[in-house]
Each structure stands twice: as C-alpha cells, then as structure tokens.
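Below are the chains, spelled out letter by letter.
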Amino acid sequence: MRGRTDTVAAWGFLSPTLCLLGGLAVYPFAYAVYLSMTTAQVGVPGHFVGLGNYRRLLDIEIFTLTLWNTVGYTVAAVAAKLVLGVVLALVLARPAPGMKWIRGAVLVPWVVPASLGVLAWTWMFDSTYSVFNWTLRALGLISTPIGWLGVPSLARFAVVLVNVWSGLPFFAINFLAGLVTIPRELYEAATVDGAGSAARFWRITLPLLRPVLATVLLFSVVMTSSDFATVFVLTRGGPVNTTQILATLAFKFGLATGDLGNAAAISLYLFPVLALATYVQVRLMRRTWQW
Amino acid sequence: MVSRRGRQALATYLAAAPFVAFALFPLLWMVMTSLKTNAELYDLGQNPFLVRRGVTWEHYRFLFERTAFPLWFRNSALVAVATTAASVLLAILAGYAIARLRFRGAEVVSTLVFVVYLVPTTLLFIPLARVVQVLGLSNSLWALIVTYPAFVVPFATWMLTAYFSTIPRELEDSALVDGCSRVRALRHVILPVARPGIITASLFAFTLAWGEFIYALTFISTTNLKTVTAGVVVSLIRGDVFFWGSLMAGALSASLPVVLLFSLFLDHYVSGLTAGAIKG
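Chains as they are written, first to last, in the numbering used here: chain A, 1 to 291; chain B, 1001 to 1280.
None of these hints come from the bench; they were simulated from the model.
Every value quoted in this text rests on a predicted model; they were computed, and no experiment measured them.
Any given hint could be a false lead.
Under the rule of at most 25 angstroms between Cα atoms (straight-line distance), these lysine to any residue pairs were calculated in the SDA-like manner [said to hold, decoys possible]: (1) A/252 with B/1234; (2) A/252 with A/241; (3) A/100 with B/1003; (4) A/252 with B/1222; (5) A/252 with B/1225; (6) A/100 with B/1013; (7) A/100 with B/1263; (8) A/252 with A/100; (9) A/252 with A/242; (10) A/100 with B/1028; (11) A/100 with B/1199.
My request is simple: use the sequences and hints to build the entire structure.
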C-alpha cells in the first residue's frame, strides 16, 4: 500500500525538477552535441557534417594552442590548489583562539563573485600602475616595470595564480573536513611508536585523506578546465591567444563571429574530461552512499 | 614567559598569515582604490599603500549617480532572490523524494541530478542561448531567472538529500501512521526540523546566482538589464579613460551583499561547503 502511494508521491515531487533539468540541461547538452556536428551560424541552421568540425579544428593553430593552454592551465592550477590546499587545511586544523575567523577570512575568495574578484586582480596586474611592480621596485628587485599580462609566460602565470586564489578555499575547507574525521588515537599511537611529524603526515594523514583528495581533485579538474571568468576578465585570452582556453575560445567563436557549430565543438572538447570525472565520481559516490 | 599553548597559537597565526593575506588582499585593494582620488591613483611616485590626499567618495558618487550600477544591483537582487526561492522549493521536493521515498528509479534519478550538477555552465551557454531565444526570453531578466535554477537545483537537491537523510525516520512515521499524507508530513514534520539545512541551501543558491557570469554575459545585451557581475566587468568602461576608482567601487559594492551574508552565516557556509562539492 505505502509502496504505491510512495511511488506516486515521489514522481509528483520529482517532476518539476526533472522537467527543469530535462529542458535546461539535458536537452541543451544534446542540442550542443547536434550543433557541433553542423555548420550552423547565428540565424542559419547549416547542414550536417558529422565529426567534421572536430577534425578541422585540430588543423587550426589557434585551437591546438588553446587545447594545450587548457591542459597546462588545468594541471598547473589544480596541482597548486592541491598542495596549497593540504598545507592550508593543516594550518586551519590547529587549535588557536579565533580560528573560526581565520577560516572565514581564507574562504572569502569563494564568496566574492569570480568575475569581480578577477577584476581586482586585473587592476593589480595593470601594465603601468601594478601594485606588485611598485612593491618590487621599492624593494629594488626590478628597475623597469613588468608587463604582467603582456608577456605570454607571465600572463599564463597570472591566470593560474588568480584561479588558485578563487579555488583554494574550496580545496582547503574540504580537506579540513576530511582531516577532522581522522581519529586522534592514530596520531597518538604513532607518536608513542616513535613516528615523527613527517612520518605521521605521510603514513596517516595523506592515506586517510585520499577519498576526499580524489573527490575534490576530480571536481576541480572539471571546474578548472571549463573555467571562463578568470581568463575572460584578466586577459581575454591574450597576448595573442597564449592564455586562451576552451571556454573563452568557444565564447569568441559563438558570440563574436556567430559560428555556433565550431563554438559548440570547441566547448565539447571538454567532454572526455567531464565524462571521465563523472564516471569516477558516480562510482565513488555509490560506494559511499551504499544504495 | 610565554606558555606552550601561546607559542603554538603564535606559530599557527604566522603560518596562516600568508594565506589570509593572499585571500583578502584583492578586497583590501578594492577598498583602497575606490577611496583614493584619481590624482593619487595615477601618480607613480606615490606609495600605493598609503592614502595621502584624503579619502574621496567621488568614485562611489559617480557609480551610483551617473552609471546604470543601481539598476544592475536591483537586477541581480531580483534574479538571485527569484532563483533562490524557485530552486530551494524544487530541491526540497526532489531531495525529500530521493532521501525518503521508496520507488523504482530512485537511483537513476539521483545519479542524473548528480551528473547534471557536474556539467559546467560553459558547456551549455551556447545551446541555452538558443533555448532562451525560442522561449522568447532573450534580453530579459527572465532569461536568467529561468536558466539559473538549472545549475542551482542539482546542488541544492544534493545538499538537502544529505540533510533529510540525517533526520530520523520515526519522526514522520508516526505522522504517516496517523493518516498524514506525504505532503503534510513534509510540511509539518520535516521542514521545521530541516530549517538549518534549508537555510544553508538558500545561502548557497543566492551566492551562486549572485555570482553567475557567463549566462548573464551571453543572454543579456541591453545595458540597463545587466546584472552586477556582467555590468561592472563589461559595461562600466568609459572609452579609454582610466576608470579604476569607479570599477573597484563597483566590484566592492557588488561583492558586499554576499560577503555580508557570508560573515553573518559563517557556520552555515562552512558546513555547506563540505556537504557537497561546489565550484572549485
């Protein structure tokens, strides 16, 4: 009896959400896949070309550069967030008066709208009035101003740094949540057995933190490789496309030139990453949720 | 003579200091820049860390009196409030169904919600622009109010499912035995108990909606209809004139509502951030 009414109630409760996700996530996604296989322009349906767009993009220099930029950006930013996130979590886990406010302070970059936070960084990296240049000059470390966003290697460094700024809080707070679940007795027992702090970190903390590390890592790979605001606001992909990543290039193709087919194909180059991360995440989730 | 605990605390503060500085410096710089006169901002001989010529409100006055910023702010508020209300309502219903009701397909549905929640908005903005156009919503705030729940609902559902699962079943079982319907049990038994979880989900929904950028940038072209994130970044530039004072005043004013909520509900945010992976 209850089972039948439960089923009716369940689908009733779920139907608004399923309609919403169907219409505004699943359908658009399928539509993006379709668009990527056509020569559609804004206002022109175009014709079907199969995987032609994907293949042709690989011959376009800007695209291959963008693809490698995206890989480099993702690897560098995620690695930095991972290492700094563990360090920051270890600091935040220490008991000290006012720790709540320190935790709050380091979380602020997560709360500030990304595009606005990045705008502040854009000003801080200004070619003439950069506060970093002023400081380096005052310390006597440089004599001529550094064009942070004008030199390819420095611009790449800058976009990674700013991504780390906005993404680090998420890493740190999740690692912290993982850290506090590790039983204190393990550390005490290890200390009694003569393990130093380094051994305790490598033998206890890191292995027990692994599930959290894996989840956060996968999630961040998806979010970082599909990032848009950081690059769009800081460099617009410049200088000469050296910081261009998939989302900003897709935006450029789709909105500036109206080439929807190629724009959709460019953003769908993210699909393998997304598919892999989703697959692993769903498996991890099943294991923890035990349905 | 400093105690051992005092020394340990000091070491912790020293270790935390660079991270705190890194996190807060851009905000500090927004404040500094927005309060200095142009003459001082663009004088390379001046120490940028000092305010020598006094604090000025000219950038804020310009922002609020001569630009569309107040409209953008209102637009953001409308969109974020509407998104939050709609999303949390849908998420309560869906989360309850997934956490509590036994039905075939529960696993498929929860996996779908989770998968959608991983799909980044940058993958969907091109086809969604078309959907928005077909629905006749292009260039109106409705375009955002309709599309934002698509990325807010999945995570809110996720969060609330986890929260509802922690509520003891016995609580509603007695109500159900008394002949209460599921809807009544949800309203009168679960919702009052789940308030902290619902508040957390609402705060996150509001924060995500307030900070959204790429849809706002893509779906809205009229300056007066923009939200703060797109407006300040794209439409606040006056030709080639240096304008950083007002830009930073805009960035700071536009960040303030969420930063304020965050400082008021710090514990909710911390518990929410760890309840499910969101944005990183």
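Taking the hints in turn, this is what the structure says about them:
1. Proximity of residue 252 of chain A to residue 1234 of chain B is assessed by CA-CA distance (about 15 angstroms); at most 25 angstroms being required, the pair is judged to hold.
2. Distance restraint check for residue 252 of chain A and residue 241 of chain A: the Cα-Cα separation of roughly 11 angstroms lies within the 25 angstroms cut-off, and the hinted pair is therefore satisfied.
3. Between residue 100 of chain A and residue 1003 of chain B the alpha-carbon distance is near 22 angstroms, which keeps this suggested pair within the 25 angstroms criterion.
4. Proposed proximity of residue 252 of chain A and residue 1222 of chain B is supported: the alpha carbons are some 19 angstroms apart, at most 25 angstroms.
5. A C-alpha spacing of about 22 angstroms is found between residue 252 of chain A and residue 1225 of chain B, which places the hinted pair at or below 25 angstroms, so the restraint holds.
6. Of the pairs offered as hints, the one joining residue 100 of chain A and residue 1013 of chain B holds, with about 12 angstroms between alpha carbons and a cut-off of 25 angstroms not exceeded.
7. Of the supplied pair hints, the one linking residue 100 of chain A and residue 1263 of chain B holds, its CA atoms being roughly 11 angstroms apart against a limit of 25 angstroms.
8. Distance hint between residue 252 of chain A and residue 100 of chain A is unfulfilled; the C-alpha atoms sit about 42 angstroms from each other, more than 25 angstroms.
9. The straight-line distance between the Cα atoms of residue 252 of chain A and residue 242 of chain A is roughly 14 angstroms, inside the 25 angstroms bound, and the hint therefore holds.
10. Straight-line distance between C-alpha atoms of residue 100 of chain A and residue 1028 of chain B comes to about 20 angstroms, which keeps the hinted pair within the 25 angstroms bound.
11. Restraint check for residue 100 of chain A and residue 1199 of chain B: satisfied, since their Cα atoms lie roughly 20 angstroms apart, inside the 25 angstroms limit.
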